[in-house]
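Construct the complete structure from the given sequences, taking the supplied hints into account.
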Amino acid sequence: MTTDTFTAQEYKYGFVTPVESEVFPKGLTEETVRAISAKKNEPPFLLNFRLKAFRKWLELKEPHWLNGQYPPIDYQNISYYAEPKSKPKLDSLAQVDPEILRTLEKLGVPVDEQKRLNNVAVDVVFDSVSLGTTFRKKLEEAGVVLCSISEAVHKYPELVEKYLGTVVPIGDNFFAALNSAVFSDGSFVYIPKGVRSPMELSTYFRINEKETGQFERTLIIAEDDSYVSYLEGCTAPAYDTNQLHAAVVELIAKDRAQIKYSTVQNWYAGDPKTGKGGIYNFVTKRGLCQGVGSKIAWTQVEAGAAITWKYPGCILRGDDSVGEFYSVALTNGHMQADTGTKMIHVGKRTKSTIVSKGISADVSHNSYRGLVKMSAKAEGARNYTQCDSMLVGNKCSANTFPTIEVGNSTAQLEHEASTSKLNEEQIFYLQSRGLTKEEAIQLIVNGFCKEVIRELPLEFAAEAQKLLALKLEHSVG
Amino acid sequence: MMLQIKNLHAKVNGKQILNGLNLSVNKGEVHALMGPNGAGKSTLAKVLAGHPLYEITDGEIWFKGQNLLELQPEERAALGLFMSFQYPVEIAGVSNQQFLFLALNAQRKKRGEKELTEGEFEQLLSEKMRLMEMKVEFKSRAVNEGFSGGEKKRNEILQMALFNPDLGVLDETDSGLDIDAMRVVAGGVNKMRRGDNGLLVITHYQRLLEYVKPDFVHVLVDGKIVRTGGSELALELEAKGYAE
Chain A
1344 MTTDTFTAQE YKYGFVTPVE SEVFPKGLTE ETVRAISAKK NEPPFLLNFR LKAFRKWLEL
1404 KEPHWLNGQY PPIDYQNISY YAEPKSKPKL DSLAQVDPEI LRTLEKLGVP VDEQKRLNNV
1464 AVDVVFDSVS LGTTFRKKLE EAGVVLCSIS EAVHKYPELV EKYLGTVVPI GDNFFAALNS
1524 AVFSDGSFVY IPKGVRSPME LSTYFRINEK ETGQFERTLI IAEDDSYVSY LEGCTAPAYD
1584 TNQLHAAVVE LIAKDRAQIK YSTVQNWYAG DPKTGKGGIY NFVTKRGLCQ GVGSKIAWTQ
1644 VEAGAAITWK YPGCILRGDD SVGEFYSVAL TNGHMQADTG TKMIHVGKRT KSTIVSKGIS
1704 ADVSHNSYRG LVKMSAKAEG ARNYTQCDSM LVGNKCSANT FPTIEVGNST AQLEHEASTS
1764 KLNEEQIFYL QSRGLTKEEA IQLIVNGFCK EVIRELPLEF AAEAQKLLAL KLEHSVG
Chain B
163 MMLQIKNLHA KVNGKQILNG LNLSVNKGEV HALMGPNGAG KSTLAKVLAG HPLYEITDGE
223 IWFKGQNLLE LQPEERAALG LFMSFQYPVE IAGVSNQQFL FLALNAQRKK RGEKELTEGE
283 FEQLLSEKMR LMEMKVEFKS RAVNEGFSGG EKKRNEILQM ALFNPDLGVL DETDSGLDID
343 AMRVVAGGVN KMRRGDNGLL VITHYQRLLE YVKPDFVHVL VDGKIVRTGG SELALELEAK
403 GYAE
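The listed protein sequences correspond, in order, to chains A and B. Position in the first sequence (first residue = 1) + 1343 = this note's numbering. Position in the second sequence (first residue = 1) + 162 = this note's numbering.
Any given hint might turn out to be false.
Below 25 Å or equal to it, Euclidean Cα-Cα: the simulated SDA-like pairs (lysine to any residue) are [said to hold, decoys possible]:
1. K1809(A) to N267(B)
2. K1498(A) to A1485(A)
3. K271(B) to Q1808(A)
4. K1809(A) to S257(B)
5. K1764(A) to G311(B)
6. K1780(A) to E275(B)
7. K1780(A) to A254(B)
8. K1764(A) to S257(B)
9. K1793(A) to A254(B)
10. K1764(A) to L215(B)
11. K1809(A) to V251(B)
12. K1780(A) to W224(B)
13. K1793(A) to Q260(B)
14. K1738(A) to G176(B)
Everything labelled a hint here was simulated from the structure, so no lab data went into it.
Following this line, the structure appears as C-alpha cells:
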C-alpha cells in the first residue's frame, strides 16, 4: 500500500476544494496587520487592538514547555489571510460557490435548513472567512445572535469592543498575542437576558489553502439567566506541510447563565506512517464565570491534528459558579497531544469537575496537563478530577501532569487516575460473542469514554463515537 | 456429525502445541477433555473459537458442515459455537446488559433472524439470570469488572444460556469455583442442555464431571489424544494421575 492510499483511507476529509482564493503574500509585519484590518473595513478600536497585540507579540518568545517536539515555525513563511474569490454577500449559506457547497456536503455539514439536523444552526468558516450562517430568522426571533465575528464587528461594535480580550488578554501568551493581531474569522454569539437558545449553535471550521494559517476568534456572551449550547467541528486537507491553527475562544457567563461549549476536532493529523504534515492546533480557550451561580462546561473530542496544545479553562469568579471539563484526546500515528484544563476558583463555594480520557496508539504521545487553583477567597470550593489513560500497543506513551494550588483550608479536592490497555484479548472476547472487530473496538472505546461522550449534544455523540472507532481500527493489530 | 477435528496441528508464539489432534462430537454428546498442564487443552478451546494469535499449521476443523478455520470468531459464534473463557475479560464502562444485547442481536442478525427489541431481550435476560441465580444488579455492572472469580464464570454460563449454542466449549469453567458456585454453574450447564446440543468440557479435575456427566472422556498429552474412554476414565485419572 502506498502512503497516499493509506492516508486517504485513514482520513476521508483530506481532499482540497478547487476554488480560486485571494491569498495574502506570506509574511507578518505591521503592514500585514493593517492590511487584514483594512480588508475587513474595521473600526479604529479593532485596528488598535490588533496593533497593540502585534507589538506585544514581537516582545514575546514562543513557549516550548509542550511535552512533544516540532521543528521551528517560520512565522514569515505563512500567509495570514485567504478567502474564496467568489464570496458574495450572503443571507443564506445556499448561495455559496457550488464547489464549496459540495465540499460541505461531503464533510457532512448541515447547511441545508430543510435537512435532518434541523435543530442545529451552523456558521461555516472556510480558511479566513465566514461563509454565512443558517437559521438566521429563527434565531433572530428568539433574540439570539449567531454570526461571524467579522460581521459582529460592524453590527454590534459596542459588544465586541466591551468584551474582546477581556477573558484572554492580548498578552496572555505568545499564540494568543499572535491571534489577537491577525485573527480572521470565527463566531460571535450573544444570548440576551433570560433567553434559552432554541437550538444548538455550531461552527464548522475548514482549512483549505495550503500555506495559510487559520486564526479563529470566537466570543460568546451569555447574559443573566440565559442558556446556550455551542459546538464546533474542524477538518482540513491532507497536505504534507504543517499548518498552524492558532485560535482564541472567550466565553463570558453572567449571573446564573450557562454555556455548554463542545468541540469535535478532526484536523488532518499528518501521515500516520511518517508523521509528515498535519495541523498544529495551538489554541487558547477560556471561560469566565463572571456571575453568581453561572456555569461553563467544556466538552472536547480531540481526534485529529499533528499536535494539539490546548487547555480550555474556567475562571470561577462568581460565588457558587460551576466549571466542567470533559475531554477525550485520541492520538495515533505520530500525533502529539498535550491538553487539559485550568480551573481557577475565586468565588465562594465554586465547584469544578474534570474528566479526562486519553487514548494513545501507534507511536503517539498523549499528555494530560491541568491546573486546579483554589484562591484564598474561594471558601468551600470543591474540585473533582479523574484522569484515565488507555494505551493501544506498546510504542505509545501517556503522561499526566496535574498541578494543584490551594490557598485556603476549606477547599476540597479529589483526584483519581488510571491506566489501562486496549488489548487483543478484549477484542477477541467480544468477537467470540458475535461482534465484528470494528464493533468490538467501538464498544470498548465508547465504554472507556462514556462519561465524556454523554456530555455531547445528542446529534454529535454518535458521530464522535464513530470517529474514535474509525481512528483506532488501523492501530489495533 | 456436529464437530470433526482432523489431524490438528497448531502453534502459538512459535511454539508447537497441538500435534495431530483428532476428535468428533455428535449432537447431544458430552465430551470431557482432560490432561496435565501444558498438554494443549486451552489451546484447543482458543483455536476452536478463532483466537488470532494461534496459527493452524496442519489439519481441519468442520463444524455443522462448514470449514471452521475459514470463519471469523464472530461468524463461528453466529453459527452456534460458544466458548466459555477460562479467564473472562473485563470491559470497563460497558454494562453487562448492553454487551449481551448487542452480542445476541449481532448473532441473530447474522443468522437472518429477527433482532430482539430491548423489552424482549430484557425478559429473556431476566429469565436466564434466575436460572443462574444471579442478582439483578449484574445487568448494570460493567462486563466482568470487579467480578469475583466465581461471578465471572457464572457470567460465562449465563451467556451460554442466552446464546443457546449448538456446541459449548467450557474451558476450565470449574477452576476457581467453591463448591456452592460449582453447584450453580453445573446446574446452569445441565439446565440448558436440549438433547441435540453438544458440550466439550475441558477440565483438569474430574470434580465438574460429577455434576455434568460425560459420555466420553479423552486424555490429551503433548497435543494429542492418547486415550479415550467412558466416564469411569475420569475417576481412574483422578486416582492414578496422568503419569502413566
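Structure-based check of each hint:
1. K1809(A) to N267(B): 20 Å, holds
2. K1498(A) to A1485(A): Cα-Cα ~17 Å, so holds.
3. K271(B) to Q1808(A): 22 Å, holds
4. K1809(A) to S257(B): Given that 25 Å is the threshold and the Cα spacing comes to 19 Å, the pair holds.
5. K1764(A) to G311(B): 21 Å, holds
6. K1780(A) to E275(B): Since the Cα atoms of K1780(A) and E275(B) sit roughly 21 Å apart, the hinted pair holds (cutoff 25 Å).
7. K1780(A) to A254(B): OK: K1780(A) and A254(B) at ~17 Å, within 25 Å.
8. K1764(A) to S257(B): The given pair, whose Cα atoms are some 19 Å apart, holds under the 25 Å limit.
9. K1793(A) to A254(B): The hint holds at about 10 Å.
10. K1764(A) to L215(B): With Cα atoms ~17 Å apart, K1764(A) and L215(B) stay inside 25 Å; holds.
11. K1809(A) to V251(B): 23 Å, holds
12. K1780(A) to W224(B): 23 Å, holds
13. K1793(A) to Q260(B): Roughly 13 Å separates the two Cα atoms, so the pair holds.
14. K1738(A) to G176(B): The given pair, whose Cα atoms are some 22 Å apart, holds under the 25 Å limit.
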